[in-house]
Amino acid sequence: MSMPGAMVRRFTLAQRIEHFVLILSFNMLAFTGLPQKYFQTGWAERIIQLLGGIERTRFIHRTFALILIAEALWHIGAMLAARRAGREHGDMAVNFGDFRRVLGDIAFLLGLRREKPAFARYDYRQKLEYWAVVWGTVVMATSGLIMWFPETVARYLPGVIVPASRVAHGGEALLAILSVIIWHFYNAHFRPDIFPMDRAMWSGEIPLERLRHDHRAEYERVVGAEEPPAS
Amino acid sequence: MSSVRWVPIVLGVLIAGAALVAFAVPAAAQDNETCLTCHTAPGMVLTLPSTEVVSVTVDPQRFGASAHGQALTCATCHPKNVDVPHPKVTAKTLKEYQRIAAGVCASCHGDAVDAFAGSVHGRAQRMGFADVPTCVTCHNPHDASRVKTATFRNNLPQLCGTCHADPVIMQKYGLRPVYQTYINEFHGITTTLYKLTKPRDPTPAAICTDCHGGHDIRAASDPASRVHPANVLATCRNCHADAGRFFATAWTEHKTPGPQAAPLVWYVQLFYAFLIPTTVAFLGLLTVLDLGRWATDQIRRAGKS
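These protein sequence lines map, in sequence, to chains A and B.
This note's numbering puts the first sequence at residues 1 to 231.
This note's numbering puts the second sequence at residues 1 to 305.
Bound conformation, chain A alone:
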């Protein structure tokens, strides 16, 4: 049996710093970007005035965009390095079992089964969120750079890609912000058993007891197969 209050390491310091940079850039990009999307509203006018006009707002937006892009590149580099060093085992990879576990989890939530599916290191909620960030960053960075350098882009690609990028940038931004508010805020903050926040991304550790409950497959891998199944 494990000690009550025992903790398991979940995130490295570098990963937690990465997450903090993501929080900072995401919020600043949303704060300077939404007034540009909803430019005709009164609140947009006040925010842009506060920031010193549209050019200054765009400058701040692009600065944090570069920070986010740099972080994304760092993340790719860190992943490749971790894989080469054998520290990374494809825990975020989406596989067929994830789709089965989504259905299993829905059945559990509806009260159709007693047990939560045995999630691995990352459950489908976390995988969905991770890949949403990857997809979102690719879309936002690409469409943003196209709008930033339309003259150069139009040397090689049809110009219509520029207004299309503007639509994609605004749509993807709204999607990302709504997803974070619904999905991330709930799963990492407002879930009743972890409210006010999941401390794993802060301390880098997760209580062994919660790992057993939320990530049973990972728990069994960590503790060993001799652990009796939860009742």
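Simulated from the structure, these hints should not be mistaken for lab results.
Each hint should be verified, as a subset may be incorrect.
Distance condition first, Cα-Cα at most 25 Å in a straight line; then the derived SDA-like pairs of lysine to any residue [to be verified]:
#1 A:Lys127 to A:Arg114
#2 B:Lys304 to A:Leu109
#3 B:Lys304 to B:Gly292
#4 B:Lys195 to A:Lys127
#5 B:Lys172 to B:Val104
#6 A:Lys37 to B:Pro202
#7 A:Lys37 to B:Lys172
#8 B:Lys198 to A:Gln40
#9 A:Lys37 to B:Leu264
Where chain B lies over chain A, by a calculated footprint (3+ residues, C-beta under 8 Å) [what the hints assert, rightly or not]:
#10 29-42
#11 163-169
#12 173-182
We put the CB at the ideal spot given by N, CA and C, even for glycine.
Given chain A, put chain B in place with the hints provided.
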């Protein structure tokens, strides 16, 4: 005869001459003063037989600050109105009044008037269309320096929009209202934000006249137009100096994206119009289910104890 006798006569002539020179110049200013005794009263209007009204109030400070105020007197442009009471206005409608007024501008502004005559607006005027703008539709001769201000530049799309946002007027000429599509586009957003947050700075983004021309504006189908397909890239390059050869299609030509016009933009719109509500519904549903399961467990636990 002593020459001394002539001294008072010579002096008299000199003084009289000096007085004449000294008073002749303010005499013109005196003219304006006379007019402004009445024409500074706020809300003075001339009502035409068509019941349309023309404001005849002049702001002496704005008038005095403009080139017109420094070079002209009221009588230069309104010679008949030197008589009080003024002769009856012959124009029956506002358009007729404005057309007569525009005739006055031609006496000095020959270049602009010639350019206007060659424009699509000038052509429509000769053909007798009622909605055509004349000089004073866009310019206020009593506040002539306004055209050089940031306010004038930032508000120019609204000025053109007086007609070009109105589907009823546009339909008569087989045109689409183009104002809103401008406002929703890159340039229009920047201009709107300048107007709202930095009204004292002129917008750096293109406004109507930067692409279409002003007095010399032509139909986009006219090969001499700056926005004719053959010329539009060159016009873009006035600001976007290093624009690539495919740059012109970055501008969606005031068209609302659809399956024909800028289909790529339309498909992206459709994609997000589908993806955003679906994602929100899916994530929202799972969140509600999760909360529901937690609440059920709480109730069950409370029942057991």
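Comparing the hints with the structure gives:
A hinted pair counts as satisfied when its Cα atoms are at most 25 Å apart, and Lys127 (chain A) with Arg114 (chain A) qualifies at roughly 23 Å. Between Lys304 (chain B) and Leu109 (chain A) the CA atoms are separated by roughly 20 Å; this keeps the pair inside 25 Å, and the hint holds. Restraint check for Lys304 (chain B) and Gly292 (chain B): satisfied, since their Cα atoms lie roughly 18 Å apart, inside the 25 Å limit. Restraint check: the Cα-Cα separation between Lys195 (chain B) and Lys127 (chain A) comes to about 45 Å, which exceeds 25 Å; the hinted pair is violated.
Taking the CA atoms of Lys172 (chain B) and Val104 (chain B), the gap is about 29 Å. The hint is violated against a cut of 25 Å. Between Lys37 (chain A) and Pro202 (chain B) the CA atoms are separated by roughly 22 Å; this keeps the pair inside 25 Å, and the hint holds. For the hint linking Lys37 (chain A) to Lys172 (chain B), the alpha-carbon distance of about 34 Å lies beyond 25 Å, and the restraint is violated. A C-alpha spacing of about 14 Å is found between Lys198 (chain B) and Gln40 (chain A), which places the hinted pair at or below 25 Å, so the restraint holds.
A distance of roughly 19 Å separates the Cα atoms of Lys37 (chain A) and Leu264 (chain B); the hinted pair therefore holds under the 25 Å criterion. Check result for the region 29-42 of chain A against chain B: holds, 3 residues qualifying (beta carbon to beta carbon below 8 Å, three or more required). Against chain B, the region 163-169 of chain A contributes 5 residues with a C-beta closer than 8 Å to a partner C-beta. That satisfies the three-residue criterion, and the hint holds. Taking a C-beta to C-beta cut-off of 8 Å, the region 173-182 of chain A contributes 5 residues in contact with chain B, enough for the three needed, and the coverage statement holds.
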